[in-house]
Amino acid sequence: MQKKLRVKDQLNVHGNRSTGSDFFKKKYAKLYLSDGAVFDGQVPEWQSGEYFGEVVFNTGMSGYVESLTDPSYANQILVFTYPLIGNYGVQMNDVESDKIQVSGVVVSQVALIGSHSQSQQSLLDWLKSQSIPVLLGVDTRALTKHLRSIGSITGVISEKPPVDRILPLPPKFVTVPKPITHNKRGVKRVILVDCGSKDNILQSLLALNLEVTQVPRDYDYSSDSYDGVVLSNGPGNPTDYVDTIFIAKKAVKKGKPIFGICLGTQIMALAAGADTYKLRFGHRGHNQPCMQLKTRKCYITSQNHGYAIDEKTLPKDWEVSFRNLNDQSVEGIRHKTKPFFSVQFHPEACPGPTDTQWLFKEFEALL
Amino acid sequence: MAVQGIRGAAVSKLRKVVILGSGGLRIGQAGEFDYSGSQAIKALKEEGIRTVLINPNIATVQTDSDMADAVYFQPLNVETVTKILQKEKPQAVLLSFGGQTALNLGLELHDLGVLKKLNIKVLGTSVETIKTTEDRDLFKAALDEIAVNTARSQAVNSIKEAVVAAKKIGYPIMLRAAYSLGGLGSGRVNNETELRAKAEAALYAVPQILVEEYLEGWKEIEYEVVRDIDGNTITVCNMENFDPMGVHTGESIVIAPSQTLTNEEYHRLREVAIKTINHLGIVGECNIQYALDPKTGDYRVIEVNARLSRSSALASKATGYPLAFVAAKLVLGKRLHELKNSVTGTTSAFFEPALDYVAVKMPRWDLNKLKSSDRHIGSEMKSVGEVMGLGRSFPEALQKAIRMLNIGAEGLTQHQFDIDQPLDEIKYPTDRRLFAIAEAFKQGTTVEKVHKLSKIDYWFLRHLADIVGTANDLQTKSLDTGNLLQAKQMGFSDASIALIKNVSVGSVRAKRIRFGITPFIKQIDTLAGEFDATTNYLYMTYFGSVHDVSSLGNKSVIVIGSGPYSIGSSVEFDWSAINTAMTLRSHGKKTVIVNSNPETVSTDFDRSDRLYFEELSEERVQDIADFEKTGGIVVSVGGQIANNLALPLMKAGNTVLGTSPKQIDRAEDRQKFSSMLSKLHIDQPAWIEVSNFSSAKKFAKQVGYPVLIRPSYVLSGGAMNVVSNDADLEYYLRDAARLSPDHPVVISQFILNAKELEIDGVAKDGELLIYAISEHIENAGVHSGDATVVYPAQNLYLETVRRAKNIAKDIVKNLDITGPFNVQFIAKDNELKVIECNVRASRSFPFVSKVSGHNFIEIATEAMLGLKRDTTYQTLELDHVGVKSPQFSYNRLKGADPVAGVEMASTGEVACIGDTLAEAFYNSWLATDQKISAKTLFLSIPDEQKHKFITEAADLVKKGWKIYTTAGTHQYLNEHGVTSTKLHKIQERREPSAKTVIMKQQVALVVNVPSSDKDTKDAYVIRRLAIDSHIPLLTNAETGRLLLRCLGDSNASGDEPKSWQEYVEIKQRSSK
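Protein sequence lines, in the order shown, are assigned to chains A and B.
Under the numbering used here, residues 118 to 484 are what the first sequence spells out, in order.
Under the numbering used here, residues 9 to 1080 are what the second sequence spells out, in order.
Over 12 Å on every C-beta distance to chain B, these chain A residues come out as not near it, computed from the model:
| id | residue |
| --- | --- |
| 1 | Lys-245 |
| 2 | Pro-287 |
| 3 | Thr-292 |
| 4 | Asp-341 |
| 5 | Asn-354 |
| 6 | Lys-366 |
| 7 | Val-369 |
| 8 | Lys-373 |
| 9 | Asp-392 |
| 10 | Glu-428 |
| 11 | Thr-430 |
Rough simulated footprint, nothing fancy, chain A against chain B, three-plus residues with beta-carbon under 8 Å:
| id | stretch |
| --- | --- |
| 12 | 231 to 243 |
| 13 | 358 to 369 |
Dumping the calculated DSSO-like pairs for lysine-lysine here, alpha-carbon to alpha-carbon at most 30 Å:
| id | chain 1 | residue 1 | chain 2 | residue 2 |
| --- | --- | --- | --- | --- |
| 14 | B | Lys-637 | B | Lys-563 |
| 15 | B | Lys-283 | A | Lys-478 |
| 16 | B | Lys-659 | B | Lys-687 |
| 17 | A | Lys-414 | B | Lys-21 |
| 18 | A | Lys-143 | B | Lys-519 |
| 19 | A | Lys-411 | A | Lys-453 |
| 20 | B | Lys-680 | B | Lys-670 |
| 21 | B | Lys-148 | B | Lys-463 |
| 22 | A | Lys-455 | A | Lys-433 |
| 23 | A | Lys-262 | B | Lys-348 |
| 24 | B | Lys-348 | A | Lys-414 |
| 25 | A | Lys-142 | B | Lys-509 |
| 26 | A | Lys-143 | B | Lys-509 |
| 27 | B | Lys-485 | A | Lys-142 |
| 28 | B | Lys-509 | A | Lys-144 |
| 29 | B | Lys-970 | B | Lys-956 |
| 30 | A | Lys-143 | B | Lys-485 |
| 31 | B | Lys-670 | B | Lys-813 |
| 32 | B | Lys-485 | B | Lys-519 |
| 33 | A | Lys-411 | B | Lys-342 |
No wet-lab data here; the hints were simulated from the structure.
Every value quoted in this text rests on a predicted model; they were computed, and no experiment measured them.
Glycine included, C-beta positions come from ideal geometry on N, C-alpha and C.
The shape of chain A in the complex, shown without the other chains (with noise of 0.2 Å):
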C-alpha cells in the first residue's frame, strides 16, 4: 500500500533558486468542495483565513492577467489547468478592470519571477498586494476532471476544514457607480452596459472611434439619445439582472441595433423571451470552436460563461447564429428581421484568439 505523500513538500513555485534560495514559504492547506470532495495544497505564509467562491477552470495556456482582472470571473475561484503560470509576470496595461476580480486562485506551480523585459511585478507579487488567495501544489488535472463529473460548485480555500456545510454564494455584482462618457468627439454614440465588462470591450469600441457611455447595469438609458447599445460580459447567473434586463426589453422595442457579448447574449435572450440554463461545468477557455451557421465559417473563439440559451425557448423572431461544434450550444443568437445581435464568446478576445473581433465593425456597421 502506498503512503499518502505529505503535500507539504510538493514543489509549488518554479525558478525560485537563481535568486539565491528559497525563500517562499508556505503552509498545508486545502481546497474544501461542497460535495466533500477535498484537494490537497498550498498556500503562502502570508494567506490566512477561508475563501469561498464557485471553483470553476480555464484551460488557457496563457492570459493570466486578463482573467484574473475579467470581471465575470467575480464569486469564483479560478482554476488553472495549464501547470505553469506567472511566468511572464504582469503587466498593468495587459488588465481589463481595476483590479483582480476572482476571489481565488488554485495552481499547480508559479513562477516567483516574471521572465519578461515589460513584466512590472510577478503574479505571486501581485496576488498579495490585493490579498487574494492562491492555493499551490495542486494537482489541477485531478480537480478539473472532478469538476467536469460533477459540475461547477461551490468550494473554500483554508487551512482547516469548514464548520458549516458549503453553500452556494449570494450574486455579486461589478458595474461602474455612474455613467461615464469616453471619447466625446466620436462619430456615434453607443451605451455600453457595465455589468463587468472587460475593458477591452470598452477598447474595440473606442478603436472605431465611436463615442461610448459607459452605464451601470441598473441604469435606464432607453429615453437616452444613442445609436446602439452594447450589452457587457459579467458575472453569475443572467437571470438575476432583472433591472438589466427589464431596461433591455425596452430598448428592443425602441429597435436601435443591440450587440450583447458573454452574458450580454444570455440578457438579450431573456429580453427577448427566451429562457437559459446552467451548464454543467461552463466553457472557460481560449480554444472553443464555433461555426456562424449562415456563412458555415468556424472561429476560434474565448469564452468564459457557465450559462446558456435555451434554443427551445427561442421566440421565432430569433434565430441561432452561431453554434460550439464541441457540445452544439447556443453560441450566437440574432433577430431575423431587427439589428439585434448577440454572442455568448468574447470577440474581443484578451485572453485568447482574435478571430472575430470582425464582429464590433458589424455593429458599427449597423449604427
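Let chain A serve as the given structure and place chain B on it in line with the hints.
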C-alpha cells in the same frame, strides 16, 4: 454552397493517388515523414482511394503490406517517377507528406510538364503557392501585400550582388540558401571576406542565395497551422525555442507551448499566422516561423513551410492532434468541422489543443562519431534525431529528455562531458551547450552572465539554475521525503540521485517507494481535461495525486521502442516495434509501447493499446511494469537501447519475452560469447580484452596490424577504430575507454580483403525457423550499417551458405534463442569466421522481410508467444534481388571525412528490388539521392586496387566517357590502354588540378578510394570537395567498380519500374 458541392464531387471522383515519400533518412529529413506518409495513406484508404506509394526507404512502416495498395521501392527522381506515373495513371499526387524531397520532386515534375501531360492533379496546396513559399522574393512580396513583417532580405544570384545587398542591410547579416532543407549553407556573416567565401560555397549548391537582416538574440517561435478549402484555419500548437535566433530550430531545444510569451504576443503572432496562411491559400498543414524581439515585441516572419515538417510531427506528438491525418483529409476537400477530434471521438477537429503539461524536444547529435567534424551548432542542421520529454514542469520534462537522448548523461548535472571552457561553449554554442550552462552554474556563474552570453531567456536559465541548486542541496542533506520528492519533481532520476549521494540506485529506489514517492500516470487528451477522453496516450509525472488510468494487468505486453534516431538506430527499429505490437494485438494481447522519439510511427497512439511517451530507462520501464502489472516485456525489437535493458529488467523480477536475458548477455559479453564459439568449434578473429596499453600492444604485435578497437555493448561501433601502429593504438584506447567505462575494451584482429555476410533469422526454443543470408558488396572493414547489402546473396558458394547456416544453427541452439537474431560472418580463403551475434532484431530485418515476402518480426513475435507455424520458408533463391544502400549526410557535416569505415556514419538507408543485381544496385545507389548528370568522372585508386577498374574504365571510355585521373591511376590505365586525363595534385598548384575540376563541377562522379595504410591529405580534400560541390562520391573499390559497370549499361535502371507487389507475393498477417 454550390461551389462546395462541385469541389466535393471532384474529390469523390478520385480513384487512385500517388504519394511521394522522402527516401533515406538524412540530416534535416528523418523519420517524421514515415509518420506523416503513414497517416496520409490511412486517411486516403478510409475514403476508398487506391494509394500508390513511391519510397525507397524499405524500413518504413508506410511501405508495409497493410499500408499502400502498391509500393515502389524505387528512386525518387524524375526519370523513374515519370515512368511510374505513366504506368499507374493516377488522378492526383500528394507532395506534402514526403518532406522537401517530395516537394522538390513535385515541383520538378510540374515544371517539366509531366503532371500536366499525364493530367495529374496536385492535391492540397497549389504548386504556385508552394513556389511562393519556397522563393524568398515571391514570399516577401506576398507578405508585404498584407503588411506582415518579414526579415529585410534580398535574393541574389552572384557573389557581387551579395556584397551589394549586404552593404545595404548592414553587417552582421544572415546568409541563407533558397530551396533548401534544414538550412543548408546558411549562417551568420560578419564581414565581406566571410561573405565572399560563404556565398561561393552556397552558390555551388543552389542557384540563389539570400542576404538577410541578422536577428541575433530574438526569440524564435513557431506555429503549426491547419487550413481547409473553405479557409477555416486553426493553429494547433505554438512552440518556443530555448535557443534564440541563430541556432536552427532543428538544432534547438524546443518547448511547447510557448512559455515566455504574453497573451498579447501569443495571439498577435497567431493572428498574423492565420492572416498569412489564408493569404497564401495553403490547404492542409504548414508551419510558420517567427523571430520576436524580446524587448519591443516586434516580429519578423522567417519562413513558411507549406508541407508537413519535422515541427509538425513534433506538434502532433506534443499535443495529441493527428496533424498529418487531418491534413490528408483536408487536401481531399474535407472541412475541419466535418472531422472529429480523434482523441475524444466526439468533439470537433476544428479546435486548438489545450495542454496541461509541457513538451520539451531535444536534438540528438552524433558529431563525435564523425571524424574531423565541427562540434559547433548554428543555423545549419547537424542533429540526426530528437527526443521529447513530457512533464508538468520544465525541469521534469527537460531532464527526462536529457536521459532519452541516450548519450550517457543521467541528467543536467550528471553527465560525462569534460567542459574546459563552459562560457565559450555557451557563447559559441556546441552540441553540449546545455551541459556547459550547468557547469557554469556549478562554478558560480550568474544567470545574468549566462543570459548575456547566450541570450537564452531568463525563464529557462532560472530553471536550469534551480536544477543545479537542487543537486547541490541533495549533496549536502540526507534524503528525506521532502527533498526526495522535490528532486523527482525536478526531474532527477534515481540513478542521478544515487550518483550525487554516492549510494546504489537500488537503495534510492527502495527508499523512494518506501516514502510513497512514485510517479502518476496522466493522459494527453488535447483538451486539458475539459472533456472526457478515452485516450491511451500517456506520460508520467511527479506532480500529481491521482492516476488517470488503471492497470491493464497480465494480459498486457510492453514493447520497448527504439528511442531517438541516431547513427546506427533509425526507422528499422520503429518498424520492428510496430510489427511486434500489431502481431501481439492480433493474438489477443494488450500492447503497451514505450518510446521517446516524436519522429516515429510507434508513437501514434492508435498503434497500441497504450502508449507511454517515456524514457527507455530501467527506472521508467520498471515504473510502468509495476503499475500495469504486465505479463511480459519485449526487449528484442527496439535496437540496442532496449536490448541493454534485458538483464536489469530480468534481475528486477520481470518476465522478458523471448530469449532469456542471460543468454542475451552471453552473446553481448565478448568473453562469454568467444568461449561459447570455441566450445562449438566456430572460428572467430583473434581478440583480446585489455585493461592496459602494454597488453594491447603485445596483442597487436602478435596478430599483426591493423587491429580493431571496440568497446562492447555499443551499437553502430561508437568509438570503434582500426589502427595501424602503436601510437594510434594508444590514442584510440583512451577514446574507447571513456565511452563505456563499465565494459572493457576489446581489440581484435582485422582481416583485410575478406567478404562479409550476415544471417538474419528467427528461432524458437533454440530451433531455427526462418533465416536469410545476405552479403556485403564492400569487403569486410566497412561497418555493416554502412555497407551495401545484397539479399539473397548472389556470389556465395553453396558450401559457404550451408556452413554459415549450420554455424547459425549451432549458435541458435546454444543460446536457446527464441525470437529474432542476426549473425555476422567474414569469409576469406574458404574460412568462415563469426564476428558477432545480436540476439535481437537487426537493422536488416525489414529489408529481408520485404524482399523475401515473409515478415520476420511477425514470426519472431509468435515465437516469443510460444507459437510456431507449420510451414517452411523459401528464402535462399528468389526471382529477384534486393540491394540496400547506405544514405550519408556528409554534406551537412562540414569537415567530416566522407569515408565509410568501421565507425558507422550513414544516417539512413534505402533499398531497391530489381530483376538483376546490377539493376537493383544501380537504382538503390540512385535512390540515395544521387544523380549522374554527364559522362565524365574522376578516378583515383590506390595501387593494390587499381586492377579492379580496368575493364570497366575501358568500357566507359569506349562509350564516350571522359575520365580524369590522378598521376598513379593515369599511368596504370595508360599502361593498360585506357585513355584518361591526368590532373595535378592540389599541393602542386598546377592546372588542370583535381581541385579545379571538382569545384567547377566538370566531373559528374568522383571515385576516390583511400589507401588502406597511407591516406593522404590530398585525398581527403578531394573527397570533401566532391561533397561540398554536390558531386556523387564513391570511396569503396567494390561499389565503385559495380557502379562503373552500371554506368556502361544504358539500361541499367531497368525497363518499366515494378512495384513491390509485382515482385513479391506478400503474405498478409496470419491471424486476427
